Amino acid sequence: MLLNFVIVVRTGRERDALHEHLQRLELRAKEELDRRGYSRKPQKRDETRSWEAEAAWPPE
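Numbering (the working numbering) for the sequence shown: -16 to 43.
Quick caveat, the hints were computed from the structure, so don't treat them as lab data.
Hints may be right or wrong, so weigh each one.
[Said to hold, decoys possible] Label-pair restraints from in silico Cβ distances: (1) GLY20 with ARG(-4): 35 to 43 Å; (2) ARG(-4) with ARG28: 46 to 54 Å; (3) THR31 with ARG7: 38 to 46 Å; (4) PRO41 with GLU14: 43 to 51 Å; (5) ASP(-1) with SER22: 47 to 55 Å; (6) ASP17 with TRP40: 38 to 46 Å; (7) LEU8 with PRO42: 19 to 27 Å; (8) LEU10 with TRP40: 34 to 42 Å; (9) ALA12 with PRO41: 45 to 53 Å; (10) PRO41 with LYS13: 43 to 51 Å; (11) ASP17 with ALA39: 34 to 42 Å; (12) GLU9 with GLU30: 24 to 32 Å; (13) GLU3 with PRO42: 45 to 53 Å.
As the structure is a prediction and not an experimental result, all values here were calculated from the model.
Backbone N, C-alpha and C fix where the C-beta goes; we use that ideal spot for every residue, glycine too.
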């Protein structure tokens, strides 16, 4: 993981910006792994049907 590296920066603002940037990079890498996994083995329609009610937006 990128966040395991020890990096010395001058200011707290720089440190925070770098930390946020590394978190975004890590999130992108995880999302890419998910995309690759679902492209290799997409879910079947009947696998997702039971979750449709849970995933619906609540009424406004």
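For each hint, the structure was consulted:
1. As the Cβ distance of GLY20 to ARG(-4) is approximately 37 Å, the hint placing it in 35 to 43 Å holds.
2. Under the hint 46 to 54 Å, the C-beta atoms of ARG(-4) and ARG28, about 49 Å apart, fit the expected range.
3. At roughly 28 Å, the beta carbons of THR31 and ARG7 sit outside the given window of 38 to 46 Å.
4. Under the hint 43 to 51 Å, the C-beta atoms of PRO41 and GLU14, about 26 Å apart, miss the expected range.
5. Taking 47 to 55 Å as the suggested C-beta distance range, the pair ASP(-1) and SER22 does not conform, at roughly 35 Å.
6. Checked against the hint of 38 to 46 Å, the pair ASP17 and TRP40 fails, with Cβ atoms roughly 22 Å apart.
7. In this structure the supplied range 19 to 27 Å is violated for LEU8 paired with PRO42, their Cβ-Cβ distance being about 38 Å.
8. In this structure, LEU10 and TRP40 break the distance hint of 34 to 42 Å, their C-beta atoms being roughly 24 Å apart.
9. At about 32 Å, the CB distance of ALA12 to PRO41 disagrees with the hint of 45 to 53 Å.
10. With their beta carbons about 27 Å apart, PRO41 and LYS13 fall outside the hinted range of 43 to 51 Å.
11. The given range of 34 to 42 Å is broken by ASP17 and ALA39, whose C-beta atoms sit roughly 22 Å from each other.
12. With their beta carbons about 28 Å apart, GLU9 and GLU30 fall inside the hinted range of 24 to 32 Å.
13. Evaluation of the 45 to 53 Å hint for GLU3 and PRO42 yields a failure: the beta carbon distance comes to about 35 Å.
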